[in-house]
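Colleague: In case you want the letters, here they are:
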Amino acid sequence: MHKLVEELTSAYAVSGDERRLHDILRSALAGITDEIRDTPLGNLVAIRKGRSSDHALLFAAHIDEVGAWVTKVNDKGFLGIHCTSIDGRIWPGLQVMVHGMRPLPGIIGLKPVHVMTHEEMDKPVPDDDLWVDVGLPREEVVGLVPVGSTVTFTAGVTKLMNDRYAAKTLDDRLCAVTLIQALELLKNTALPYDLIMAFTVQEEVTGYGAWTTGWCAHPDVGIAIDVTHADTEGVPEHKTVPMGGGPGITVGPVVNDRVLALIRRSAKAAEVPTSDETCMAHSGTDADDFQLVGPGIAAGVLSIPLRYMHSPVEVADQSDVDRAARLVAEIARQFDAAFIGELYGTEAH
Amino acid sequence: MEQKRIELLRKLTEARGISGREDEVAEILRAELAGHADTVERDAIKNLFVLKGMNKPGPRVMLNAHMDEVGLYVTHITKEGYLHVGKAGGIDDRLLLGKKVLVGTAPLPGVIAAKAVHLCTPEEIETKVVKVEDLVIDVGAKSDKDVAGKVAVGDQVTFATTFGTFGDGYFVGKAFDDRAGCAVVAELLRIDWPFPVIGMFSTQEEIGTKGARVGAWRYTPDISITVEGTIAADIGEVKDYQEVTNLGGGPVLTIKDGGMVTDHQLRKRLIEIAVKNGLPWQFKRMPAGGTDARSIQTAKGGVKAVAVAVPARYIHSPVSLIKESDYENTVTLLTKFLADLAGMEA
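Protein chains in written order, with our numbering: chain P, 1 to 349; chain Z, 1 to 346.
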């Protein structure tokens with residue numbers, strides 16, 4: 001496991017708060033990139049110069065995480081929360097972090113059965129009954145936790161068998177790790193054109209991170225790298241890709257056909273096994289924005305298989321990360337004049 | 001609170017032991033009380049007895065807390081290497097999704113699988129409780145061969161929760177029910193009393209106060225104090241008349257719970273001692289739940305029994321809270337009570 005997995009997943013940055021991660025990323029990128037830019041929305045864009053800067057290939061991993069927002073401090077000093085991107089059934093019994101004036105550990109407990117009706121017990125806990133306990137008097141809580149503060153899962157990587165691990169926010173910090181691993185692999189390789197690694201904001205809420213990154217960096221090709229659902233007990237096989245089977249490659253109208261061909265031949269050259277997945281109008285990744293920003297960017301989507309997405313115990317397999325990093329590095333090597341010819345050649349358009 | 005006392009709470013709550021698997025807790029208590037007992041022994045149901053001054057005159061006093069915690073156990077291993085589980089003790093199924101656990105004796109870290117939100121229908125999320133029989137634990141195995149020799153059907157699964165300080169004078173951890181009681185009893189057993197003392201750390205409380213049933217038959221006291229971690233519902237939007245107990249309110253005295261009516265004289269004396277010493281105390285304000293005290297009360301011809309508890313939020317869940325002051329006041333109240341019983345100054 002790369003040491004950045006622990007570092008990046010342990011940091012807290014709900015959509016809008018991504019600058020909290022910039023220091024970690026900047027120090028990881030030092031020595032393997034030539035230039036780092038911060039955009040107005042907080043995207044961090046790192047550039048590895050090629051022999052020529054006439055063309056550029058961009059990979060993007062989003063660095064925001066899912067979380068909840070504090071909506072109320074009640075009479076007892078407990079916090080009410082609002083959240084849309086997380087299965088509410090996960091909160092009861094969970095330790096969380098509240099990000100107010102300073103980080104506060106919290107607990108979302110459940111009422112004991114003795115004060116519950118049978119009817120209540122047979123239903124998921126309604127959102128209105130989810131309260132965060134920070135163990136402080138109300139007066140103090142009001143000062144420390146302004147309404148609008150974010151609430152996240154708690155940091156910590158649990159190592160499982162087979163080089164697999166569980167943590168919060170492997171979606172999508174694991175892909176940020178992948179991009180940095182790829183840069184490390186390319187350390188002593190001269191690249192034909194510029195390689196841009198973008199660490200984007202707000203993917204979980206708006207996609208504006210990718211939109212503005214696409215505009216600022218205006219690459220020829222923009223490939224989003226995100227997580228995808230890995231095989232999960234009780235979920236039909238056709239809805240997932242195999243865990244440990246290598247990165248996923250998305251096929252569909254969001255993905256430019258020449259970019260797809262580049263990805264496929266790079267996977268073959270790097271001897272990286274892959275799984276195909278499909279999308280139609282939306283891939284649910286930064287690629288959706290790349291495709292449409294400005295004059296349009298030829299887009300692609302790679303993914304890392306992940307179980308239990310948007311939970312505190314997302315599970316991934318390091319072998320998939322290693323393979324994805326090798327694939328990203330190989331795509332950067334193959335992004336050359338011949339490919340540019342293919343991309344803009346009359347036959348392609 | 002002294003670091004040594006906090007350390008004991010940490011060790012006891014982080015120890016793993018569902019009903020029938022209390023050995024790790026017993027070993028911690030045995031080591032903790034080495035040199036403070038005449039006899040330490042375990043019986044057929046694995047209760048741990050710490051006997052002191054059994055030949056001394058005066059009433060035989062039992063100090064009791066249970067060692068087991070609620071948790072899960074492995075019921076089946078799938079070909080893909082997932083573990084199916086059952087509940088050991090009373091846990092609301094809705095507390096389980098997405099929690100970190102420890103499996104078996106190794107132990108293996110694992111997670112309770114929570115299907116990605118994107119793969120659930122809105123109807124599922126809003127209306128369907130995922131029952132324990134539909135859950136699996138993922139330890140990272142690729143097949144049943146990966147876990148062969150490491151996990152067996154029947155192995156315990158405990159919540160991977162670490163002990164720590166929390167908020168304004170709280171402790172956070174798992175299993176305060178009843179490791180807080182074990183710690184209190186251990187503290188009381190370090191003191192030499194002029195009457196016979198039977199320390200009984202019981203087993204299998206969470207599945208029917210079973211250890212205490214046979215333990216109180218083996219060593220039947222005249223007076224018994226069961227020390228518990230009990231429900232505090234002073235949380236969220238729960239109405240004040242439904243709080244049962246509240247943190248910071250002091251030791252909890254039970255009049256009646258789901259299993260017994262406690263001894264009026266002993267309870268009255270406890271209140272007098274609390275008032276005399278300016279200690280906070282509170283009644284358990286809902287006649288629910290049950291403790292080992294019900295099994296002890298009915299041993300042989302009957303025993304004068306009371307239950308005293310440290311109030312705890314979120315018991316029977318992956319993570320719970322107690323207040324340091326409640327723990328300390330419980331130890332102090334019981335120390336003063338026993339000293340009074342002995343005619344000692346304390």
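No lab work stands behind these hints, which were simulated from the structure alone.
Here a beta-carbon is modelled for each residue, glycine too, at the ideal position from N, C-alpha and C.
There may be inaccurate statements among the hints.
Unchecked claim - For lysine-lysine, the following BS3-like pairs were computed, each having C-alpha atoms within a straight-line distance of at most 25 Å: (1) Lys56(Z) <-> Lys123(P); (2) Lys239(P) <-> Lys11(Z); (3) Lys123(P) <-> Lys128(Z); (4) Lys159(P) <-> Lys145(Z); (5) Lys159(P) <-> Lys142(Z); (6) Lys336(Z) <-> Lys159(P); (7) Lys11(Z) <-> Lys159(P); (8) Lys100(Z) <-> Lys3(P); (9) Lys100(Z) <-> Lys159(P); (10) Lys56(Z) <-> Lys239(Z); (11) Lys123(P) <-> Lys3(P); (12) Lys150(Z) <-> Lys239(P); (13) Lys79(Z) <-> Lys239(P); (14) Lys56(Z) <-> Lys3(P); (15) Lys76(P) <-> Lys11(Z); (16) Lys11(Z) <-> Lys56(Z); (17) Lys100(Z) <-> Lys123(P).
Said to hold, decoys possible - Chain P is nowhere near these chain Z residues, computed Cβ spacing over 10 Å in every case: (18) Gly89; (19) Ile125; (20) Glu126.
Colleague: Are the hints correct? Go through all of them and say.
Modeller: Results of checking the hints against the structure:
The hinted pair formed by Lys56(Z) and Lys123(P) fails the criterion: a straight-line CA distance of about 56 Å is larger than 25 Å. The straight-line distance between the Cα atoms of Lys239(P) and Lys11(Z) is roughly 44 Å, outside the 25 Å bound, and the hint therefore fails. A C-alpha spacing of about 6 Å is found between Lys123(P) and Lys128(Z), which places the hinted pair at or below 25 Å, so the restraint holds. Distance restraint check for Lys159(P) and Lys145(Z): the Cα-Cα separation of roughly 19 Å lies within the 25 Å cut-off, and the hinted pair is therefore satisfied.
Between Lys159(P) and Lys142(Z) the alpha-carbon distance is near 15 Å, which keeps this suggested pair within the 25 Å criterion. With a CA separation close to 47 Å, the supplied pair Lys336(Z) and Lys159(P) exceeds the 25 Å bound. For a cut-off of 25 Å, the pair hint linking Lys11(Z) to Lys159(P) stands: about 22 Å separates their Cα positions. With a C-alpha separation of about 21 Å, the suggested pair Lys100(Z) and Lys3(P) falls inside the 25 Å cut-off, and the hint holds.
Between the alpha carbons of Lys100(Z) and Lys159(P) the distance comes to roughly 11 Å, so the proposed pair stays at or under 25 Å and holds. Between the alpha carbons of Lys56(Z) and Lys239(Z) the distance comes to roughly 49 Å, so the proposed pair goes past 25 Å and is violated. A C-alpha spacing of about 41 Å is found between Lys123(P) and Lys3(P), which places the hinted pair above 25 Å, so the restraint is violated. Of the supplied pair hints, the one linking Lys150(Z) and Lys239(P) is violated, its CA atoms being roughly 31 Å apart against a limit of 25 Å.
As the CA atoms of Lys79(Z) and Lys239(P) are separated by approximately 20 Å, the hinted pair is consistent with the 25 Å bound. The suggested pairing of Lys56(Z) with Lys3(P) is violated, with an alpha-carbon distance near 62 Å, which exceeds 25 Å. Under the criterion of a C-alpha separation no larger than 25 Å, the hint pairing Lys76(P) with Lys11(Z) is inconsistent with the structure, at around 31 Å. At roughly 32 Å between alpha-carbon atoms, Lys11(Z) and Lys56(Z) are farther apart than 25 Å, so this suggested pair is violated.
This hinted pair checks out: Lys100(Z) and Lys123(P) have alpha carbons roughly 23 Å apart, not beyond 25 Å. Under the 10 Å C-beta cut-off, the non-interface status given to Gly89(Z) relative to chain P holds; the minimum distance is some 12 Å. Residue placement check: Ile125(Z) does not keep its beta carbon more than 10 Å from all beta carbons of chain P (closest about 6 Å). The claim that Glu126(Z) is not at the interface with chain P is violated, since a C-beta of that chain comes within 10 Å of its own (minimum 7 Å).
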